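Student: Sequence:
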Amino acid sequence: MGALMFLIGVLMLPAVSISWIYGENSAPLAISAAISVLLGLIFFFSFAKYDQLIRKREGYLIVALSWVIMSLFGMLPFLLSEEINSLSDAVFETVSGLTTTGASILNDIEAMPKGLLFWRSMTQWIGGLGIIVLTVAIFPLLGIGGSELFVAESPGPTSDKVHPRISETAKRLWYIYVGLTALATLAYWIGGMTFYDAINHGLTTLATGGFSTKNASMAFYDSAFIQYSAVFFMFLAGTNFTLIYFGMVGRFSRIVKSDEFKAYTGAVVLLTLVVFAGILGTSDNGIELSFRKASFQVVSLITTTGFVTDDYTQYGKGITYICFMMLFLGGSAGSTAGGIKFIRHVTFLKNSWLEFKRIVHPRAIVPLIINGERVTGRIINNIMNFLLIYLSTFVGGSLAISLLGYDLSTSLGAVATCLGNVGPAIGEVGPVDNFAFFSPAAKYVLSFLMLLGRLELFTILILFTPFFWRAN
Numbered sequence: 000m001g002a003l004m005f006l007i008g009v010l011m012l013p014a015v016s017i018s019w020i021y022g023e024n025s026a027p028l029a030i031s032a033a034i035s036v037l038l039g040l041i042f043f044f045s046f047a048k049y050d051q052l053i054r055k056r057e058g059y060l061i062v063a064l065s066w067v068i069m070s071l072f073g074m075l076p077f078l079l080s081e082e083i084n085s086l087s088d089a090v091f092e093t094v095s096g097l098t099t100t101g102a103s104i105l106n107d108i109e110a111m112p113k114g115l116l117f118w119r120s121m122t123q124w125i126g127g128l129g130i131i132v133l134t135v136a137i138f139p140l141l142g143i144g145g146s147e148l149f150v151a152e153s154p155g156p157t158s159d160k161v162h163p164r165i166s167e168t169a170k171r172l173w174y175i176y177v178g179l180t181a182l183a184t185l186a187y188w189i190g191g192m193t194f195y196d197a198i199n200h201g202l203t204t205l206a207t208g209g210f211s212t213k214n215a216s217m218a219f220y221d222s223a224f225i226q227y228s229a230v231f232f233m234f235l236a237g238t239n240f241t242l243i244y245f246g247m248v249g250r251f252s253r254i255v256k257s258d259e260f261k262a263y264t265g266a267v268v269l270l271t272l273v274v275f276a277g278i279l280g281t282s283d284n285g286i287e288l289s290f291r292k293a294s295f296q297v298v299s300l301i302t303t304t305g306f307v308t309d310d311y312t313q314y315g316k317g318i319t320y321i322c323f324m325m326l327f328l329g330g331s332a333g334s335t336a337g338g339i340k341f342i343r344h345v346t347f348l349k350n351s352w353l354e355f356k357r358i359v360h361p362r363a364i365v366p367l368i369i370n371g372e373r374v375t376g377r378i379i380n381n382i383m384n385f386l387l388i389y390l391s392t393f394v395g396g397s398l399a400i401s402l403l404g405y406d407l408s409t410s411l412g413a414v415a416t417c418l419g420n421v422g423p424a425i426g427e428v429g430p431v432d433n434f435a436f437f438s439p440a441a442k443y444v445l446s447f448l449m450l451l452g453r454l455e456l457f458t459i460l461i462l463f464t465p466f467f468w469r470a471n
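Following numbering that gives the first Met the number 0, the numbering of the sequence shown begins with 0 at its first residue and continues without gaps.
Don't take each hint at face value.
[Stated by the list, open to error] Simulated restraints, written as ranges between beta carbons of each label pair: (1) 438 - 67: 15 to 25 Å; (2) 468 - 388: 17 to 27 Å; (3) 276 - 356: 51 to 61 Å; (4) 41 - 468: 32 to 42 Å; (5) 354 - 261: 16 to 26 Å; (6) 276 - 359: 50 to 60 Å; (7) 276 - 41: 53 to 63 Å; (8) 310 - 107: 16 to 26 Å; (9) 71 - 460: 13 to 23 Å; (10) 16 - 285: 39 to 49 Å.
[Said to hold, decoys possible] Cut-off 20 Å, straight-line C-alpha distance, at most; resulting in silico cross-link-like pairs (DMTMM-like, lysine to aspartate or glutamate): (11) 256 - 372; (12) 213 - 372; (13) 113 - 81; (14) 213 - 109; (15) 316 - 196; (16) 316 - 432; (17) 349 - 258.
Because the hints were derived from the structure by calculation, they are not lab data.
It should be emphasised that the depicted structure is a prediction, and the values quoted were computed from it without experimental measurement.
Glycine residues also receive a C-beta, built at the ideal position from the N, C-alpha and C atoms.
Make a model of the complete structure from these sequences and hints.
Tutor: Structural data, given as structure tokens:
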């Protein structure tokens, strides 16, 4: 926890510099950074002499507490600057950033200080690949083992490893993450954004976060080059980063045999064509503009980025329903995207199809093959349980928001988008709306759902089980 506080403070320093460059009051950011660094050093050196062995139980607890710590210290600049006065608003905006959800309570983003907006973008970049992965790369230098943390941060069913040593895996993933962020920033700058806006959008694109420095999000930039660049980098950010690494080193066979990547790509193509046809048939945008809007919105929703270039709810109930269903897809496991993840959908659908064969041939052994490998019963059971708990959480969360006084469409949309870490939804939280109108109680519920979704349910919910706390 001490090491994490220190890192959060250090990562605030670029935002302090931005405030100073633009002649703004940098004191709130500087004080927040100082508090984080100082408390981090006190915590770290006060407990450094104790046993540092991290087992699975400690791993899950540290990951959950890490996101609480990041949220508490991450919201300090908003509160100290008094740009966000309400505690519930500050919690919501910070959690939305760190979980890369992109839902916002800000009514006038462009009126915010540039340093504070940069920190807002940084919260998404930090949460994008997971601050824990960065910590795993650094902990070995501090004499702390980190493999259990990586397991807790990435509880999905994928077993691909870039490198057998977990710290090397984390480092290589971050190299790719930083490199793609730089390339996205360069593309946006070449496309006509100011360097400041390009950096912010580069950070939030690779994080699949969707925070923008403009009130109109990506719709502000009426540029085909910028918007197609965003589509390309959002798609990459929603791809398993290990596959990106294998592609970089020429191991294309791993990409070709990835069932998840094929399903992910196929869904993007199919849904783009469907939405393209819907927009073309209900508007006078023309072929190119209709295709650009369709491809942008489909990739943005599937990868849970949440950027918008258009109000998709204006194209009829059919397109609105399709966009709502995309909130439940998610990108690939091992990407920065949120949501259920395509590997779970693929496993569920394949296993369901094979179940018909097992019914007809009850004595036959019909294995489930994913990526050319047999999937064990334990993994299948884990995925089925995850889907059931996800659906139950969605229903329970929607009921809770409805009981707080909001209509059904808004409740369903808000819970789906927060649990899936997407951003825009339907109802009063559509692509041109924000979350400022929710009550403090509703914002706390939605913030909790964002954390649940980002840590894929089990990492948080396991802490509420009695056997987690029992001695061995």
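Student: Each hint should be assessed against the structure and marked as holding or not.
Tutor: Hint by hint, here is what the structure shows:
1. 438 - 67: 15 to 25 Å: Because 22 Å falls inside the window, the suggested range holds.
2. 468 - 388: 17 to 27 Å: 20 Å, holds
3. 276 - 356: 51 to 61 Å: 34 Å, violated
4. 41 - 468: 32 to 42 Å: For residue 41 and residue 468 the Cβ distance comes to about 27 Å; the hint is violated.
5. 354 - 261: 16 to 26 Å: 22 Å, holds
6. 276 - 359: 50 to 60 Å: Since residue 276 and residue 359 have Cβ atoms about 37 Å apart, the given range 50 to 60 Å is violated.
7. 276 - 41: 53 to 63 Å: 60 Å, holds
8. 310 - 107: 16 to 26 Å: 19 Å, holds
9. 71 - 460: 13 to 23 Å: 21 Å, holds
10. 16 - 285: 39 to 49 Å: 43 Å, holds
11. 256 - 372: With Cα atoms ~10 Å apart, residue 256 and residue 372 stay inside 20 Å; holds.
12. 213 - 372: Violated, at about 46 Å.
13. 113 - 81: OK: residue 113 and residue 81 at ~14 Å, within 20 Å.
14. 213 - 109: 6 Å, holds
15. 316 - 196: 34 Å, violated
16. 316 - 432: Holds, because 18 Å separates the two Cα atoms, which is no more than 20 Å.
17. 349 - 258: 11 Å, holds
Of the numbered hints listed earlier, those contradicted by the structure are 3, 4, 6, 12, 15.
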